[in-house]
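The listed protein sequences derive, respectively, from chains W and P.
The first sequence begins at 1034 in our numbering and counts up one residue at a time.
The second sequence begins at 9 in our numbering and counts up one residue at a time.
Check each hint, because a few of them may be wrong.
What the hints assert, rightly or not - Below 35 Å or equal to it, Euclidean Cα-Cα: the simulated DSBU-like pairs (lysine-lysine) are: (1) K133(P) - K201(P); (2) K1387(W) - K201(P); (3) K1108(W) - K1054(W); (4) K1172(W) - K1054(W); (5) K133(P) - K1387(W); (6) K67(P) - K89(P).
To be verified - With the C-beta cut set under 7 Å, the calculated list includes, among others, these residues of chain P facing chain W: (7) E49; (8) V193; (9) N211; (10) S222; (11) F249; (12) T251; (13) N266; (14) D271; (15) L299.
Worth flagging that the hints you see were computed from the coordinates, not collected in a lab.
All residues carry an ideal CB built from backbone N, CA and C; glycine is no exception.
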Amino acid sequence: MSTDPDPILEVEGLNKHFDVKSGLVNDLRTRFTSAEKERVHAVDGVDFDLYPGEAMGIAGESGCGKTTTAMTLAKLHQPTSGTIRFRGEDITDLDGKELTKFRQNVQMIFQDPFESLNPRMTVYDTLAEPLQIHEVPNKRARVARALEFAELQPAEQYLDSYPHELSGGERQRIAIARAIVLDPDFIIADEPVSMLDVSLRAGVLSLLERMTNEFGLSIVYISHDLSLLRHMCDRIAIMYMGRIVEIGTTEQIIDDPKHPYTQALINAVPVPDPTTGRERVELEGEVGDAVHVPSGCRFRHRCPEVIPPEELEIDQRTFRGAMSLRAEVDRGFDAEAFWERTSGEDGSASEEFKEILRDEFVLGEPSRQNRDVLEEAIDLLAEGEVDRAGERLRERFHSVCERVDPATEERLDVADDRRIACHLYEPSGGDRAVDEPSTGESAPADD
Amino acid sequence: MSVLEVRDLEVYYETDGEPVRAVDGMSFTIEEGENLGIVGESGCGKSTLAKAILGILPKNGFINDGEIRFDGEDLTAMSEKKRRSYMWDEISMIPQSAMNALDPVYTVREQIVESIEEHRRGVEKARANETVDELFELVGLDPTRADDYPHQFSGGMRQRAMIAMSLSLDPALILADEPTTALDVIMQDQILKRIGAIQDEINSSMMVITHDVSVVAETCDRVLVMYAGKLAEIGPVEEIFDTPYHPYTVGLKRAFPNIQQPDQNLISMPGYPPDLAPPPTGCRFAARCPLATETCFEEQPPEVRNGGLRSRCHHTDRIDSELRPYAGEIQVWERTEAGREVTGT
């Protein structure tokens, strides 16, 4: 499918940012002071193409920006920047009549059929409304056809029903019928079955499959359920904190995930078979704050494979511990929080304080030199010398992952239509050895 | 020894007409330290069963007959007061919408401390606070966050806080109703891992109600498959997944995509569970069953044993040859009474 030369949708450098605080007072405040506006980077530099007849999945944790991406594609959000081209035509800034015309080609299916249908409208009204707006003739016949396609037969029986008279599965089928009644070119389905009971899911999924096959529709599935996407999609994009971190064919992504985040995501999927164990990747925490995005790779705080400097011999656990301590220090080091955990007895407290830091940050099996540096930094922290501790740590423990944003570089070398935004997959081994270690000043905002 | 023993339990709902027999003659046990999974479609009686055990049935629901023995004592026969003393103390729950189960105007700590003080009269405040810190550590939350309000927590953190609360009185049995349904995969994985670790540590038993067979496959020792208020099949998790002997289990298993088996056809069994006021005379699954014969519509199925499985079906002897090899073909399921109705043939 990706061999088709003309994509139906081309997305380039798509951004959607939201203001953290909005309103008159805040506007004035930012206008008259130099305070920087805080923004949530919900979608932050997304590129991909969608081909005719293709089913593409977008996956990621809650809060990774997948739904915002979908809504921006349908122009339900106005993108902050970037371009969206539909059939070669730039639709990023469409409005008025032209936007209405574009919307005829794009439909959405939402997660919750209990909320996405108007409870005061009959099934007929729900389906006829888009036809009315777009002034399409032959409403009755088209509505009936859409219902029949959605396996709601006989159609007449449903026309005068209200949503509360229908089961969850029937409602989602109505939502699907509404999406296809205008004969669109592409559909965005946001978690289309996650609210449905098991017994209904397979039926709705096969309906969606039939829909793409029979009408040659392109479809974008948004879901965190990778087993579902594997079943439904030709290609999958994995998102993390507003970025696509890996994109490729379904087989590439599921059978041979390259990005550490993709690997973690796939390993987290439970398998309906008690005899097959799965390898669990330890991925703690959550996506995190998309206001103060980390420098370099956004996944690095949770990444099990942060890249140490080439000349440094260190195991991953020790390195991660050291980097966490550094992050703690870069953030200003809240010594109080650690002191609080000591018993506070005079004399012994300092030793106790150090022990708490060691427990938390000296991990794995550090070599003598690495341990010495960590110990030295911990001593400095116990004495309140936070800046010096930071310097000492930065000298030895730094990473290309915090300095260079992997997504800004072209990374097409792994396979033709596959992109991976990760420094582990540098086109030519990379230039990280010659990179200068970062200093406190040059390290951008960190979370 | 059995922690919980349910015998011939019947739970009905009062309606204008015939009562709805939501749970109809269920018998099973949960052993010490065991995880029992309860699976089935919506409306098959899973949650009613849990509510009956917890004694929180809605006003129109009542236990018509049967026993629920906890530690040998029949919960259905004791006074309300005595029964209440068991709740939370001995039997606690992780509710379905744990995301919304916390009170927004109290901090998480206050809510957990309150539940401890309510049940452990005279416990020192400091001790209760210590318990909260320990529980937070146990479920993987930072104890310093205990003084936050629920809205300051993400969905996954609230779920962990609920798990902490359900463990606060060291119960012997925990009822978890869809504990991970609202969460994304990573959070689900973290919570499931946590639940496993906690159980190893405190050796409580658990009843996990879910429609997601993958969750059951990963967390449970035994599985009970429910259909229309009746036990369809019960047995060790490996056997239920490998060689189920009830046609409903065979079909249910086929409804889930497996990330490790991309080419498996997904099957949606046509039709719905039957109306239970009153229920059909014979086997309740008959209308949707590819193996159904006249007997199935007339007589209740006997309980048949196959290895470690107890299955209620007239035709367990035909499963191996007539259903299992063809279960992946939707036509097989469409050749049933319910299937004919749906496809209009």
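Structure-based check of all given hints:
1. K133(P) - K201(P): holds, 31 Å
2. K1387(W) - K201(P): holds, 31 Å
3. K1108(W) - K1054(W): holds, 23 Å
4. K1172(W) - K1054(W): violated, 44 Å
5. K133(P) - K1387(W): Status holds; Cα separation ~30 Å.
6. K67(P) - K89(P): holds, 18 Å
7. E49: The hint holds - E49(P) has a Cβ within 7 Å of chain W, the shortest such distance being about 4 Å.
8. V193: Interface hint status for V193(P): holds (5 Å vs cutoff 7 Å).
9. N211: violated, 21 Å
10. S222: holds, 4 Å
11. F249: holds, 5 Å
12. T251: violated, 12 Å
13. N266: holds, 6 Å
14. D271: Not OK, violated: D271(P) not within 7 Å of chain W, min 9 Å.
15. L299: violated, 18 Å
The structure fails to meet hints 4, 9, 12, 14, 15 from the earlier list, while all remaining hints are met.
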